[in-house]
Every structure is written in C-alpha cells, then in structure tokens.
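Chain order of the listed sequences is A and B. Taking the numbering used here, I'd label the letters of the first sequence as residues 1 to 559. Taking the numbering used here, I'd label the letters of the second sequence as residues 560 to 751.
Calculated from the structure, these hints are not laboratory results. Hints are not guaranteed to be accurate.
[As the list claims (entries may be wrong)] Reference excerpt, derived from the structure (chain B facing chain A, CB under 10 Å, subset only):
1. Gly-582
2. Glu-596
3. Ala-619
4. Leu-640
5. Ile-662
6. Asp-667
7. Asp-673
8. Glu-677
[Stated by the list, open to error] Listed below are the simulated DSSO-like cross-link pairs for lysine-lysine, each with C-alpha atoms no more than 27 Å apart in a straight line:
9. Lys-371(A) <-> Lys-627(B)
10. Lys-691(B) <-> Lys-557(A)
11. Lys-13(A) <-> Lys-561(B)
12. Lys-732(B) <-> Lys-557(A)
[Unchecked claim] Which bits of chain B does chain A cover? Going by a derived footprint, with three or more residues having C-beta under 8 Å, they are:
13. 588-594
14. 622-636
Predicted, not measured: the structure shown is a model, and the values here were computed from it. Glycine included, each C-beta is placed from N, C-alpha and C at the ideal position.
Chain by chain, the residues:
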Amino acid sequence: MNENMPTDCYQTKVKRLLLGDEALALGAINAGLSGAYAYPGTPSTEILEFVQGNPIARDRHIHSHWSSNEKTAVEEALGMSFCGKRSMVSMKHVGLNVAADAFVNSAMTGANGGMLVISADDPSMHSSQNEQDSRFYARFAMTPCLEPSNQQEAYDMAAYGFTLSERLRIPVMVRLVTRLSHSRAEVVTDSTATAENKLQYPDNPRQWVLMPGNSRIRNRQLIADQVKMVEESATSPFNRLIPGTDTSLGIIASGIAYNYVMECFPDGCPFTVLKISQYPLPRKLVSELFDKCDRVMVVEEGQPVIEQTLRGLLDTTVRPVLGKLDGYLPRTGELTPDSVAEAIGKALPSFAAKHAADTPHPSDLIAGKLKDLVVPRPPALCQGCGHRDVYAALNAALKDYATPKVFGDIGCYTLGWLSPFNAIDTCLDMGASITMAKGAADAGQHPSVAIIGDSTFTHSGMTGLLDAVNENTPMTVIISDNLTTGMTGGQDSQGTGKLEAICLGLGVDPAHLHTINSLPKTFEEMKQIFGSEFEYRGLSVIVARRECIQTARRHAKKG
Amino acid sequence: MKSDIILAGVGGQGILSIATILGAAALRDNLHLKQAEVHGMSQRGGDVMSCLRLSSDPIASDIIPTGKADLIVALEPMEALRHISWLSPQGRVVTSTVPFVNIPDYPDQQQILDALAELPNVTAFDMDEVAKESATLRASNMVLLGAASPYIDLSPEKIEAGIAAVFSPKGEKMVETNIAAFRAGRAKALSL
Numbered sequence: 001m002n003e004n005m006p007t008d009c010y011q012t013k014v015k016r017l018l019l020g021d022e023a024l025a026l027g028a029i030n031a032g033l034s035g036a037y038a039y040p041g042t043p044s045t046e047i048l049e050f051v052q053g054n055p056i057a058r059d060r061h062i063h064s065h066w067s068s069n070e071k072t073a074v075e076e077a078l079g080m081s082f083c084g085k086r087s088m089v090s091m092k093h094v095g096l097n098v099a100a101d102a103f104v105n106s107a108m109t110g111a112n113g114g115m116l117v118i119s120a121d122d123p124s125m126h127s128s129q130n131e132q133d134s135r136f137y138a139r140f141a142m143t144p145c146l147e148p149s150n151q152q153e154a155y156d157m158a159a160y161g162f163t164l165s166e167r168l169r170i171p172v173m174v175r176l177v178t179r180l181s182h183s184r185a186e187v188v189t190d191s192t193a194t195a196e197n198k199l200q201y202p203d204n205p206r207q208w209v210l211m212p213g214n215s216r217i218r219n220r221q222l223i224a225d226q227v228k229m230v231e232e233s234a235t236s237p238f239n240r241l242i243p244g245t246d247t248s249l250g251i252i253a254s255g256i257a258y259n260y261v262m263e264c265f266p267d268g269c270p271f272t273v274l275k276i277s278q279y280p281l282p283r284k285l286v287s288e289l290f291d292k293c294d295r296v297m298v299v300e301e302g303q304p305v306i307e308q309t310l311r312g313l314l315d316t317t318v319r320p321v322l323g324k325l326d327g328y329l330p331r332t333g334e335l336t337p338d339s340v341a342e343a344i345g346k347a348l349p350s351f352a353a354k355h356a357a358d359t360p361h362p363s364d365l366i367a368g369k370l371k372d373l374v375v376p377r378p379p380a381l382c383q384g385c386g387h388r389d390v391y392a393a394l395n396a397a398l399k400d401y402a403t404p405k406v407f408g409d410i411g412c413y414t415l416g417w418l419s420p421f422n423a424i425d426t427c428l429d430m431g432a433s434i435t436m437a438k439g440a441a442d443a444g445q446h447p448s449v450a451i452i453g454d455s456t457f458t459h460s461g462m463t464g465l466l467d468a469v470n471e472n473t474p475m476t477v478i479i480s481d482n483l484t485t486g487m488t489g490g491q492d493s494q495g496t497g498k499l500e501a502i503c504l505g506l507g508v509d510p511a512h513l514h515t516i517n518s519l520p521k522t523f524e525e526m527k528q529i530f531g532s533e534f535e536y537r538g539l540s541v542i543v544a545r546r547e548c549i550q551t552a553r554r555h556a557k558k559g
Numbered sequence: 560m561k562s563d564i565i566l567a568g569v570g571g572q573g574i575l576s577i578a579t580i581l582g583a584a585a586l587r588d589n590l591h592l593k594q595a596e597v598h599g600m601s602q603r604g605g606d607v608m609s610c611l612r613l614s615s616d617p618i619a620s621d622i623i624p625t626g627k628a629d630l631i632v633a634l635e636p637m638e639a640l641r642h643i644s645w646l647s648p649q650g651r652v653v654t655s656t657v658p659f660v661n662i663p664d665y666p667d668q669q670q671i672l673d674a675l676a677e678l679p680n681v682t683a684f685d686m687d688e689v690a691k692e693s694a695t696l697r698a699s700n701m702v703l704l705g706a707a708s709p710y711i712d713l714s715p716e717k718i719e720a721g722i723a724a725v726f727s728p729k730g731e732k733m734v735e736t737n738i739a740a741f742r743a744g745r746a747k748a749l750s751l
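Let's have the full structure, built from the sequences with the hints guiding it.
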C-alpha cells in the first residue's frame, strides 16, 4: 500500500489472507464482474470456487456455475462480453488446449465488455500431464497477457485487466502458475465492489461474424493493434526497470521468477532488473536494459518464451543472453530460489563464493542414510472409493485374456495405473480413453476397454462415443461414475443423473447399456457384466456408480 | 522477526490447518506471510509439504530456499526426514514419532528415529498419545503446533487466538479441545 495515501482511503481497504487464485477472483468481483466460467482443474479450481462462496457475488447473482468443459466456458464468457458485461473464464493450462479454438478466435472477434482468460500453468507437473506455457497461446492469438508476480498483483490485475480489455477491445489473458495460484499471502483489498456494466452491444457488429471477408478486415486491425499493446506494456505499472549499479549483469525476471531473483539479494539487488508482468514484451524497456549492462540473464517460470524471443534463431542479440537454453537455468521443472541463485552464481563466481555454505549442514550428518530411510509415498485411491471396486472387477474379468488393453483417462482413476491395480495402459487427455479404445479396436485390438469418469465423460467423452456408436465399434466403455469431479476436490459434475440418457440419446444399444453399483459386494456381478460385454463384438457401455467417498463424508456431516 | 517453516506430513493429516492458524495469528500481528501449498494429486494419501514464511519485513519468494528453514514441523517422522535438506544449520526439527504406514516398503521405524536423534536440534515425541491424553486423537496436529510454538516468534496467546478464529465456526467445544491439545504439546516440548 502507498504510504502517502490519505488515511480515509485506508478505511475502504481490508487486508485479507488469500491464495493467488482467490486474490484474482476477489479482484474481479470488486471490479464489477458479471459472470465467471470454468471447468475445474488444478491449480485453477479455487478461482471459481471463491466466486461461488463470495457474498457480493451471491447478492449480485454473478454467474458461477461450472461449465461442461473449457471450450464451452470460454464461449459462454465471450457471450457475456458480447453483451457488454465483464466476464472471466478460468482453467488449467491443458484446459486451454481444449478451449484453444474459442480463445484464438476470440482475439478475432475481440471483446466488448472486459474479458479475462485465466490460464494456470503447472510447471513441475504437480498434477498435470505437461509443462506447456500459456504465454505462447497469448502470443499465438496476439492478445495481451498479464503475469502477476504476487498475490497483490493478482488482485490488482483483475481491475486493470478488465480496463485494458475494454480499452483495446480484446480478451486479456492472465497467466498464473502453481506457486502463485496455491500460495497464500496478505492482500490489501477493497471493501466494496464497483457497479457491473450495463447491457450494451458491440459498436462493431460485423467483427463478431468471422466470415472470411470480415476476418480479413479484423486480422489487419488486430495486427495494427499490436503496436498499441506494446505501448501499453511499456507504460504498464506492472513492468518496471529497476536500476542497479553493477553493469556486469542485467536480469529480466517475469512473474514469480522476480521473487526468486529478489530472494537472492536480501540487501537489494546490485544489478539492473527488468520486471516483466505484461506482454507483449515492451521493446523499449528491454533495449534500455541491454544498454545498461554487459549481458542479460532471463529468469522466467515455464518455457523460455522471453529468452527465445531475445535470442532469435541465430542468437544475434547485441549482448549475450543467459538462461534456460544454455543451461544456466534448468529447462524442466519449476524455478526455485535455489536454481535462480545457482544460475546467478554460474554467471558471477563472486556471487557464488559469497553465498557458499560455510557451516556444515545438519543433513550432512545423516546424508548417507537418507536414501534408505526416505522412500516415495505415491498418492493412492482412497479407501472406500468405488474406482477401486471397478478396477478389482475389471482386472478379474480381463485375467484370462492374453493382451487386453485398457485405455485410461484424466481423474482420480488415473491412479489405477499404480500398484496394486496396474489396470490401465494409457492416459493422454480428457476424453481420450474412448477415442483411443476406438482406434485400437479399429486396429483389431480385443478386448479394447475404455475407463472414464463421469465428469470427464461429459467434458470430452460424449463426442467420441458418438463415433463408436456410428460404427458399432467392438469395444467396452466403463463410465466410473462417482457423481462428482473428484480429483479437483468434489465440484458438481455436469452429467450427474443424466449419463444413461446421454448414452441412449447418442444411440448406444439399450441391450448393451448397463448400470451397476460399484461396491465390494457387487464384485461378482460387475465381473460377469464386464466379461460378457467383452465377448459382445459391438459397442457396450457400463455405468458403474458409487458416490465419491470424500463428498459422501461431507454430505453425511451436513446431514 | 522472521520464521521460515516447512510443514510436512501425509495428505489428510491436518498439516494445512497448522498453516491456516499461524496465518490467522500472523495477520493479527501485522506480519507479512507467504504460504505455498500443493493441492490436487498429491493429497490422495501422498506426501504433502507446505512452505510457511512469517516476517516483519516483506517476503520475496513463496518457496523457502533449501538450507534456510528455521523449523521443520512434521506429523510423521519419515516426512520430517524427506525435507531435511531445507533445514538451516541452526534449525530445529519438531516431529511426531508416530509413523503413518500406507506403503508396503515403509523403512525400519527405529532407524528413522535414530537418524532424527543424530540431528543437533530435535523435538520428537508421540503426539498421538499426548493428543489422546489431553484432548482427542484428531487434535494431534494441534499438539504438533504446540510443540513447535516455543520456536516460532509469535506469543502462545496469539497462536491460541488464531486457533479460536479458525475453529470457532465449528463451536466453542472444538476451540477448547484444540487449545487444550496445543497447550499439552507446548508443555511437553518445553519439558523435554
């Protein structure tokens, strides 16, 4: 908070402890948000959950229902923006792949009411399949991108991002990373929320119909607008050139990487640092930094987006650039204060010498023993989880086949790959169990089994099932229905109560659509149904149902 | 004032409640705080670790650098050892000695306790037992918080106010039970 603020300003400010996700959500609510859209995904889930629990959002009836997937969520948010209201949509990084068609084209339609597209990356893959960096998507779609470095910026960037979006008439991406999404800090927040936008239609209606003739006009405009976006970045309050006295190194630090750099210099950084939290890169500030120092280290969380830009293909920058592409910083995994300190030490031996440990470390005393005394403790399906019973029966039913293949999907049940079940052969993306099982069956695989959760099925499994229906593909789909989105903590599942109707509606043969409760006592029955459907050389769907043990406990407590 | 604390345990043990309580206490004390935790896959019975940083000055990184933690606070002895490289030379380990065995290859328990005993600053005891005696088994995380409290630069009164703030929505009885466990843990640690 600014020390020179008049005291009456303080009365409207409230200090709260918030996760990065929560800070961004509260910032949006206080900035006049009208609708939040999302599909759950770690580390982004808490954004929509915060809106659902917020009293102002409830009073104002701000939309906060979960969407079926990230693509429907982006389109719904864009529809709200079309009507002039402020909307936000949040997802994990791989969810942006699902929403990519909608997101990239939303840069073409542009936004009317301010629209934030929040994508939470998961470097180190704490709970994800890959380390893709959403900043590439922003560059690809040619939208601005905000990358908060701390919880306060996450809060402040919501209002700033809405204004930017309305000024430039384009959706603005906000890129979060796990260590900000899921880290708590004190945040100075407003105690009141500004009014929502009124319904107001776009003043450029033609731009919203992306027929080729319109798109060509808009494409030229979008490219012309890049200049404005770069200017915005150059004057952004979140991008700062912080002068230093030592010219032997300059540092570009983006997002939370800025914190790790600062952690290395508790008494103040001697080098000029360019803090980046808004893209496209502000060319002016970057060249000012290059003018001030002999070489530049780029410290960024995720993939080397800034670094690659500076180096170019032929690495012809006027000053040496150090970073992930030459091994100063690790190319995989999230940054840590340690890896950043090590990189600075490699560039400056004097820094390394000054920070070398001079005292023996307590762990040195037992270092030799740690390997045997600390073993991995992998996550596992909960005791009392219905997925366990499905896997037990599935394994039993497949026991006598020489080469059965089970195509898995994304959710708690992916843990079925681990011991003791070792029950699945693949895990790719949301919904791929059904379509990969279909491709395998097309190739002659038998039995070809897909196992998918209820929420994943309605997210991306239904369309693939239609492919299998149309060809009556000889395969077996097991929908392990726990009546919730379990992995992310138990959010409403959009297909609850509708799964059989959806399957029948898509054309699944009623004679080969079964529903069974997945319980220890139904083991024999499940095994028998699985076994007889494997032998049916057409499409079967078995819905194995039992409420998630975690949500069941919560419901029991509530009475 | 500065306390860099590693909280460690197994998903579901109540490690993050300790962070929430210290957070509530720190906010009342106008301290700066950063607390990084991991959600999602790692909570299904896997190991859980959280970095908690409290300071009178602004804090830069959400993650504590290795070799810099003042305290490792663990509800499980193997989990205390897992994060031992974070401990500073003067740092202390406060851990329960009760193993949480949910894996087939859990190492020899005595060897784990022996290794812990080789460290210079360790507070280790059976926190389940103290919890049962003073309150209820479920409050062993508050026994742990009590045992760690002499080494955190926050007064016990302020931490108790944090406990009250966090548990009061669940009723006065819950607040009393958890404060009793906290006091028992603190008394036990100070008596060792």
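Checked hints:
Annotation: Gly-582(B) was flagged as interfacial toward chain A, and the flag holds, the nearest CB pair being 5 Å apart, inside 10 Å. The beta carbon of Glu-596(B) is positioned within 10 Å of a beta carbon in chain A (closest approach about 6 Å), and the interface hint is therefore held. Annotation: interface hint on Ala-619(B) holds; nearest CB of chain A at approximately 4 Å, less than 10 Å. Evaluation of the Leu-640(B) hint against chain A yields a held restraint, the C-beta minimum of about 5 Å falling below 10 Å.
Hint status for Ile-662(B) relative to chain A: holds, with the closest Cβ pair at about 6 Å, below 10 Å. Hint status for Asp-667(B): holds, given a least beta-carbon distance of 8 Å to chain A, under 10 Å. Here the hint on Asp-673(B) is kept, as its CB sits about 9 Å from the closest CB of chain A, short of 10 Å. At a threshold of 10 Å, the smallest CB-CB gap from Glu-677(B) to chain A is about 5 Å, leaving the interface hint in force.
A threshold of 27 Å between alpha carbons decides the hint, and for Lys-371(A) with Lys-627(B) the separation of about 22 Å falls inside it, so the pair holds. As the CA atoms of Lys-691(B) and Lys-557(A) are separated by approximately 23 Å, the hinted pair is consistent with the 27 Å bound. Between Lys-13(A) and Lys-561(B), the direct Cα distance comes to roughly 26 Å. Compliance with the 27 Å bound is thereby established for this hinted pair. Of the pairs offered as hints, the one joining Lys-732(B) and Lys-557(A) holds, with about 17 Å between alpha carbons and a cut-off of 27 Å not exceeded.
With 4 residues having a beta carbon nearer than 8 Å to a beta carbon of chain A, the stretch 588-594 of chain B meets the requirement of three or more and the stated coverage holds. A count of 5 residues in the stretch 622-636 of chain B with a Cβ less than 8 Å from any Cβ of chain A is obtained; the coverage claim is therefore met, three being the minimum.
The structure agrees with every numbered hint stated previously.
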